[in-house]
Amino acid sequence: METRINKLSEIDRRNPFTVPENYFSRFNEHIMTCLPENKIEKTKKVSLWGKTKPWVYMAAMFMGIFFIIQLLTKDAANQAVTLSSTQFTDDYWSTVQITEEEFYQYLEEQLVNDGYYDYMYNQIYTN
Amino acid sequence: MEKYSEEQLLEKLRDPRTQRQGFAILVSEYSERLYWQIRKMVLSHDDANDILQDVFIKAWTNIDNFRGESKLTTWLYRIAINESITFLNKKRNQNNVSVDDENSFLLNTLESDEYFDGDEAQKLLQQAVLTLPDKQRLVFQMKYFDEMKYEEMSDILGTSVGALKASYHHAVKKIENFLTDSN
Numbered sequence: 001m002e003t004r005i006n007k008l009s010e011i012d013r014r015n016p017f018t019v020p021e022n023y024f025s026r027f028n029e030h031i032m033t034c035l036p037e038n039k040i041e042k043t044k045k046v047s048l049w050g051k052t053k054p055w056v057y058m059a060a061m062f063m064g065i066f067f068i069i070q071l072l073t074k075d076a077a078n079q080a081v082t083l084s085s086t087q088f089t090d091d092y093w094s095t096v097q098i099t100e101e102e103f104y105q106y107l108e109e110q111l112v113n114d115g116y117y118d119y120m121y122n123q124i125y126t127n
Numbered sequence: 001m002e003k004y005s006e007e008q009l010l011e012k013l014r015d016p017r018t019q020r021q022g023f024a025i026l027v028s029e030y031s032e033r034l035y036w037q038i039r040k041m042v043l044s045h046d047d048a049n050d051i052l053q054d055v056f057i058k059a060w061t062n063i064d065n066f067r068g069e070s071k072l073t074t075w076l077y078r079i080a081i082n083e084s085i086t087f088l089n090k091k092r093n094q095n096n097v098s099v100d101d102e103n104s105f106l107l108n109t110l111e112s113d114e115y116f117d118g119d120e121a122q123k124l125l126q127q128a129v130l131t132l133p134d135k136q137r138l139v140f141q142m143k144y145f146d147e148m149k150y151e152e153m154s155d156i157l158g159t160s161v162g163a164l165k166a167s168y169h170h171a172v173k174k175i176e177n178f179l180t181d182s183n
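Going down the list, the sequences are from chains A and B.
In terms of the numbering used here, the first sequence opens at residue 1 and continues consecutively.
In terms of the numbering used here, the second sequence opens at residue 1 and continues consecutively.
Source of the hints: derived by calculation from the structure; they are not laboratory data.
Heads up, some of the hints might be wrong.
Said to hold, decoys possible - Using 35 Å as the maximum straight-line C-alpha spacing, the simulated DSBU-like pairs for lysine-lysine come out as follows:
#1 A:Lys7 with B:Lys174
#2 B:Lys149 with B:Lys135
#3 A:Lys7 with B:Lys123
#4 B:Lys71 with A:Lys51
#5 B:Lys149 with A:Lys7
#6 A:Lys7 with B:Lys165
#7 B:Lys165 with B:Lys123
#8 B:Lys71 with B:Lys165
#9 B:Lys90 with B:Lys123
#10 B:Lys58 with B:Lys135
#11 B:Lys165 with B:Lys58
#12 A:Lys51 with B:Lys58
#13 B:Lys58 with B:Lys90
#14 B:Lys149 with B:Lys173
#15 B:Lys90 with B:Lys174
#16 B:Lys58 with A:Lys53
#17 A:Lys7 with B:Lys143
#18 B:Lys58 with B:Lys12
#19 B:Lys12 with A:Lys51
#20 A:Lys7 with B:Lys91
#21 B:Lys174 with B:Lys71
#22 A:Lys7 with B:Lys173
#23 B:Lys123 with B:Lys173
#24 A:Lys7 with B:Lys90
#25 B:Lys71 with B:Lys91
#26 B:Lys71 with B:Lys173
#27 A:Lys53 with B:Lys12
#28 B:Lys135 with A:Lys7
Claimed, not checked - Not everything, but these chain A residues come out facing chain B in the computed CB check (under 8 Å):
#29 Lys7
#30 Ile11
#31 Asp12
#32 Pro16
#33 Phe17
#34 Phe27
#35 Asn28
#36 Ile31
#37 Leu35
To be verified - Just so you have them, the derived chain A footprint on chain B, three or more residues with Cβ under 8 Å:
#38 26 to 33
#39 39 to 48
#40 55 to 66
Given the structure is predicted, the values throughout are model-derived calculations rather than measurements.
Glycine is no exception: its CB is placed at the ideal position from the N, C-alpha and C atoms.
The following block holds chain B by itself, in its conformation from the complex (with noise of 0.2 Å):
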């Protein structure tokens, strides 16, 4: 598929007549790394799918909205983010879980999970990764799964870099804690 910049990309999805094949475009080059980020937050593959399905008919419907004071990336990625927290909390709602157990649901998940094929130690890394709290998880993720530059998550998440960097040092400090404990 033809490459197209960003400024062209915007172009089409203006224009009413070419606004269809623009978002094709759109989901053909955003889908992936979209899915990606989605599914290290919920684990599960069918919930991950349900997600980015919602996203891009939620970056579809706004699409007029969308002003151009952002990337086109940073725009969709705080829809998935947003997405994604809200599925987290509506599940926690239902199964009705304690602070303390919280995301044992998303432990639970992941052992189901049909598409996982990580050894034992990465089971244990996401583990670890699953007591970190939403945000610093979303950070940790970001920079150590996907290598993410600070500025970029900075302007998704709307945190600056220092409170990032801050967060991410705190996050591999608990997780090694936890790596250790559970030896």
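Excised from the complex, chain A in its bound form (with noise of 0.2 Å):
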């Protein structure tokens, strides 16, 4: 006989796939006797210095971090202290003013104190 439909309706909505008798009972125990049995084992105990590890490492890292950033703020104070000093030294220099003539007779009036003072010291400690 031919089938004719057309709607979804039409058609029976039981289940038409059965299964063997007892199925989901027997099923239901033969997974349990197939499981692996690797459950318990699974929570090893962990060791204090496993713990620990962590927190140690940390410690390291952030001490290694604070000795480089105070190695190089020194190095860097030093730097500005050499270089304030050189400018300092620079800038005097090219604000003075002096004549050649001035220089060599700041020089003469050095030779002739220095003379004296020879002079003098000669005059107290030797004799």
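Put the complex together from the two separate chains, hints included.
Below, the structure is given as structure tokens:
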């Protein structure tokens, strides 16, 4: 006999599939025997070093960062001092304006003063 | 067997001392529902039986990773659906079937399966359902045969309710066209 159907509603909704007798109860028992026995072993003991290792590593890392920062800031401070003193000398001589004549006169005065001090030294201590 | 709420069951499954007992409860609670879901996808009883075993073994080995973000049912359904689709793809590759004819092997399975006792109309309906793509077939079966709510389907399939409604509507149309054409 030919089946003529146009609408889904014309078809019986009953489940057309079947299973062997007692299939589900047998399956439930069977599957429990197939399961691997590895569940409880998974909770293994963690040693003290194992627990503290990440914290020790983190502390070491912070110490390292601290020393690197210290070293860098110290170098930068030294560099700043050297730079400022050199800059001061350069600035000073760039502001002093003396002629050549005045310079020679200054040297001469220095020599005279030095000669005077040598004479006095000889008079007092060597006699 | 005593009835357990999902929270009570999860508590048992999380404690290594009661895990096995909890899993036995889970199997007896969900095996039938999952079986029918798989069976409607793969049609053969033997294949559905093998896939169901794989589903529970996968669930057992991954139960510690289950964080309870979704319901246990949703999680199990997802495993079952993934396993069924993987199985069907493997079968298609093995049989080296063309795209147009990709579900013909399932129809052969249905005809030779001793655990199918549907009448001609039901066989025709199965034939029509097999013309649908896997995901649409899944949507149709969940709604038409299992009368599942769209919200629950959405959780399992990760698709919006709107998309599921549209998919079901198209599936019904395709099936009715198939039925009309086959007259």
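Structure-based check of each hint:
For the suggested pair Lys7 of chain A and Lys174 of chain B, the alpha carbons sit about 11 Å apart, so the restraint of at most 35 Å is met. Note on Lys149 of chain B and Lys135 of chain B: the hinted pairing holds, with a Cα-Cα distance of about 16 Å set against a maximum of 35 Å. Of the supplied pair hints, the one linking Lys7 of chain A and Lys123 of chain B holds, its CA atoms being roughly 15 Å apart against a limit of 35 Å. Straight-line distance between C-alpha atoms of Lys71 of chain B and Lys51 of chain A comes to about 33 Å, which keeps the hinted pair within the 35 Å bound.
Straight-line distance between C-alpha atoms of Lys149 of chain B and Lys7 of chain A comes to about 22 Å, which keeps the hinted pair within the 35 Å bound. A hinted pair counts as satisfied when its Cα atoms are at most 35 Å apart, and Lys7 of chain A with Lys165 of chain B qualifies at roughly 19 Å. The straight-line distance between the Cα atoms of Lys165 of chain B and Lys123 of chain B is roughly 25 Å, inside the 35 Å bound, and the hint therefore holds. The straight-line distance between the Cα atoms of Lys71 of chain B and Lys165 of chain B is roughly 22 Å, inside the 35 Å bound, and the hint therefore holds.
Pair hint Lys90 of chain B plus Lys123 of chain B holds up; C-alpha atoms about 24 Å apart against a cutoff of 35 Å. A hinted pair counts as satisfied when its Cα atoms are at most 35 Å apart, and Lys58 of chain B with Lys135 of chain B qualifies at roughly 22 Å. Only pairs whose Cα atoms come within 35 Å are accepted, and Lys165 of chain B paired with Lys58 of chain B is accepted, the gap being roughly 31 Å. A threshold of 35 Å between alpha carbons decides the hint, and for Lys51 of chain A with Lys58 of chain B the separation of about 31 Å falls inside it, so the pair holds.
In summary, the hint linking Lys58 of chain B to Lys90 of chain B is supported, as the alpha carbons are separated by about 18 Å, within the 35 Å threshold. Under the criterion of a C-alpha separation no larger than 35 Å, the hint pairing Lys149 of chain B with Lys173 of chain B is consistent with the structure, at around 20 Å. Of the pairs offered as hints, the one joining Lys90 of chain B and Lys174 of chain B holds, with about 26 Å between alpha carbons and a cut-off of 35 Å not exceeded. Distance check on the hinted pair: Lys58 of chain B and Lys53 of chain A sit about 34 Å apart at the alpha-carbon level, within 35 Å; holds.
For the hint linking Lys7 of chain A to Lys143 of chain B, the alpha-carbon distance of about 16 Å falls within 35 Å, and the restraint holds. Distance restraint check for Lys58 of chain B and Lys12 of chain B: the Cα-Cα separation of roughly 18 Å lies within the 35 Å cut-off, and the hinted pair is therefore satisfied. Pair hint Lys12 of chain B plus Lys51 of chain A holds up; C-alpha atoms about 28 Å apart against a cutoff of 35 Å. The straight-line distance between the Cα atoms of Lys7 of chain A and Lys91 of chain B is roughly 31 Å, inside the 35 Å bound, and the hint therefore holds.
Of the pairs offered as hints, the one joining Lys174 of chain B and Lys71 of chain B holds, with about 32 Å between alpha carbons and a cut-off of 35 Å not exceeded. A hinted pair counts as satisfied when its Cα atoms are at most 35 Å apart, and Lys7 of chain A with Lys173 of chain B qualifies at roughly 10 Å. Between Lys123 of chain B and Lys173 of chain B the alpha-carbon distance is near 18 Å, which keeps this suggested pair within the 35 Å criterion. Between Lys7 of chain A and Lys90 of chain B the CA atoms are separated by roughly 33 Å; this keeps the pair inside 35 Å, and the hint holds.
Restraint check for Lys71 of chain B and Lys91 of chain B: the C-alpha separation of about 30 Å stays at or below 35 Å, so the hint holds. Of the supplied pair hints, the one linking Lys71 of chain B and Lys173 of chain B holds, its CA atoms being roughly 32 Å apart against a limit of 35 Å. Proximity of Lys53 of chain A to Lys12 of chain B is assessed by CA-CA distance (about 33 Å); at most 35 Å being required, the pair is judged to hold. For a cut-off of 35 Å, the pair hint linking Lys135 of chain B to Lys7 of chain A stands: about 22 Å separates their Cα positions.
Hint on Lys7 of chain A holds. Least Cβ distance to chain B is approximately 6 Å, under the 8 Å limit. With a cut of 8 Å, the hint placing Ile11 of chain A at the interface with chain B holds, because the nearest CB-to-CB distance is about 5 Å. For Asp12 of chain A, the shortest C-beta to C-beta distance to chain B is roughly 6 Å, which falls under 8 Å, so the interface hint holds. Of the supplied interface hints, the one on Pro16 of chain A holds, with its beta-carbon coming within about 3 Å of a beta-carbon of chain B, less than 8 Å.
Among the interface hints, the one on Phe17 of chain A holds; its C-beta lies about 6 Å from the nearest C-beta in chain B, closer than the 8 Å criterion. Interface restraint check for Phe27 of chain A: the shortest CB-CB distance to chain B comes to about 6 Å, inside 8 Å, so the restraint holds. Nearest Cβ of chain B to the Cβ of Asn28 of chain A: about 5 Å, under the 8 Å cut. The hint holds. Among the interface hints, the one on Ile31 of chain A holds; its C-beta lies about 5 Å from the nearest C-beta in chain B, closer than the 8 Å criterion.
Against a cut-off of 8 Å between C-beta atoms, the interface hint on Leu35 of chain A holds, since the closest Cβ of chain B lies about 5 Å away. Coverage of the stretch 26 to 33 of chain B by chain A holds in this model, with 4 residues showing a Cβ closer than 8 Å to a Cβ of that chain against a need of three. Counting residues of the stretch 39 to 48 of chain B whose beta carbon lies closer than 8 Å to any beta carbon of chain A gives 4, which reaches the threshold of three, so the coverage claim holds. By the rule of at least three residues with a Cβ nearer than 8 Å to a Cβ of chain A, the coverage given for the stretch 55 to 66 of chain B holds, with 5 such residues.
Against the hints set out earlier in the document, no violation occurs for any number.
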